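Counting from 3, one number per residue, gives the positions in the sequence shown under the working numbering.
Honestly, the hints are just simulated from the structure, not real lab data.
Just so you know, these numbers come straight off a predicted model, no measurement behind them.
Among the hints, a few may not be true.
[As the list claims (entries may be wrong)] The calculated DSBU-like cross-link candidates involving lysine-lysine, where the alpha carbons are at most 30 Å apart (straight line), are:
(1) 375 - 234
(2) 425 - 258
(3) 159 - 342
(4) 177 - 425
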Amino acid sequence: MTGMEEEVKPNLSQYQGLTSSVSGVSSARGHGSVTGGSNLSGDAYRRQHEITVTGDEVPPPFSSFESTGFPSELLREVHNAGFSAPTPIQAQSWPIALQGRDIVAIAKTGSGKTLGYLVPGFMHIKRCGNDSQMGPTVLVLSPTRELATQIQDEAQKFGGSSRITCTCLYGGAPKGPQLREIERGVDIVVATPGRLNDILEMRRVSLQQVSYLVLDEADRMLDMGFEPQIRKIVKEVPTRRQTLMYTATWPREVRKIAADLLVNPVQVNIGNIDELVANKSITQNVEVLAPMVKHRRLEQILRSQEPGSKIIVFCSTKKMCDQLARNLSQFGAASIHGDKSQADRDYVLGQFRSGRSPVLVATDVAARGLDIKDIRVVINYDFPTGVEDYVHRIGRTGRAGATGLAFTFFGDQDSKHASDLIKVLEGANQQVPAELREMASRGGGMGRPRRWAPSSGGYDGERGGRTDSGYGGRDGGRGGRGISTSSSWHEKSGGRGYGHESSDRNDRGFHDSYDTGRSRSRSPDRFNSASGRDHSPVLSFHELMMKRNQQ
């Protein structure tokens with residue numbers, strides 16, 4: 003055994019109950035019994051929980067918290083939080099991580115992955131005994147400040163009794179307080195790549211003690227363009243380290259960076275990664291609607307929920323978020339998007355968590371990484387740019403073993419996604435509306451006159467992807483909205499409808515103003531007006547009124 007292996011791999015005999023469990027691992031690539039007294043074999047447990055593993059000598063899962071041999075103070079925190087047994091990703095990743103091995107874990111959001119890597123990180127810190135004033139021992143990279151602060155909260159909640167310290171580095175907030183926390187000494191740094199690179203360039207933090215590196219939501223970090231920053235950060239971390247990567251999807255870009263950064267990793271899959279699969283504990287309701295009736299239907303759904311239920315409403319633009327939040331003020335709605343200051347975002351999220359603002363209206367970018375366990379309902383007021391984001395959106399509910407409810411408004415402008423959406427619905431054993439099947443059978447477009455959509459190239463033209471194969475190989479990627487061969491009717495161009503709105507709302511109704519075309523940047527939050535075209539579509543009465551109100 004090399005000196006590095008002695009440094010990274012934990013001495014399992016230090017932890018009560020671990021020695022016998024790991025020494026009992028079968029030499030036949032992890033076919034031993036489940037640790038914890040379960041009658042199930044390791045393979046039977048994995049089949050029951052849809053776990054697949056790839057690697058040599060993979061230890062069997064832990065079936066209970068007691069079987070892990072974790073310190074009593076940590077187990078007390080776990081039980082106080084109301085957890086009765088490890089989630090599948092925790093059960094399988096813990097024994098692997100405790101052997102000091104690299105891991106690629108592919109699991110949906112809400113699977114308990116945060117504790118899946120934090121708890122072995124706590125064990126690693128205690129074993130290493132590093133001086134925290136010389137730099138952190140554990141580094142966790144996260145795509146967003148919201149997710150980063152939530153990871154910090156979990157680390158402090160479950161590691162506080164073990165006197166493990168943690169700080170969070172993210173943009174949109176002053177560097178001063180973050181730098182002072184680093185100077186005081188911390189065991190764990192949770193950071194977004196951009197802010198950590200800024201502080202590294204200032205030479206105000208050293209990563210030379212980091213021997214446990216985590217990339218959380220790796221697919222999202224790459225999708226947001228953070229790969230150069232990640233690679234730059236990893237160059238500052240010793241090569242003698244343990245690396246854990248957690249991702250919800252397994253596209254080519256993620257496979258490439260995993261091959262570059264990890265050494266002989268064990269791959270742990272929860273569920274089927276060959277196709278996009280939604281959480282089966284979420285009831286999905288897809289409704290094919292005209293833009294002019296979306297707001298009325300939204301209010302009906304909100305009124306039908308139990309008082310105090312936490313609800314997220316997703317929109318495609320920042321302007322629509324603010325507009326909907328104003329129009330839904332009677333429901334206690336608040337908006338969050340990329341133009342909000344960090345203080346405003348923190349305030350809105352605090353109001354949402356406490357239940358004082360039970361309805362959160364958000365864009366994809368603002369809600370990415372949001373981890374609030376008691377969200378009851380997700381409503382897609384606007385369909386996202388692809389089914390990957392659809393699955394990620396509805397995954398905000400139905401977390402940590404709870405059930406959830408999702409409503410999605412789907413229009414003719416979204417028809418290019420009909421076939422992929424049907425696959426997701428069928429994969430989760432959900433009902434598929436006949437109108438949606440009709441759209442898919444016609445190759446997009448509904449089998450009736452397009453009263454709210456001129457005959458055009460569709461909702462967003464062809465999406466240029468990050469690579470030739472696109473994001474995860476679906477529909478050519480997640481790129482910008484193109485301008486079709488004739489004027490497109492975007493979801494932003496709806497309006498007042500026919501009298502169901504109250505008189506105090508503005509003349510343009512609930513939707514952004516009509517444009518003859520828009521080009522879209524990579525971020526779902528940023529839209530730039532494109533020049534108009536000479537020819538005009540045939541307008542309905544509703545569209546004519548919208549245009550007149552703008553003149």
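Now for the hints, and whether the structure bears them out:
no. : hint      : result
1   : 375 - 234 : violated, 33 Å
2   : 425 - 258 : holds, 27 Å
3   : 159 - 342 : holds, 28 Å
4   : 177 - 425 : violated, 45 Å
Taken one by one, the earlier hints fail for this structure at numbers 1, 4, listed in ascending order.
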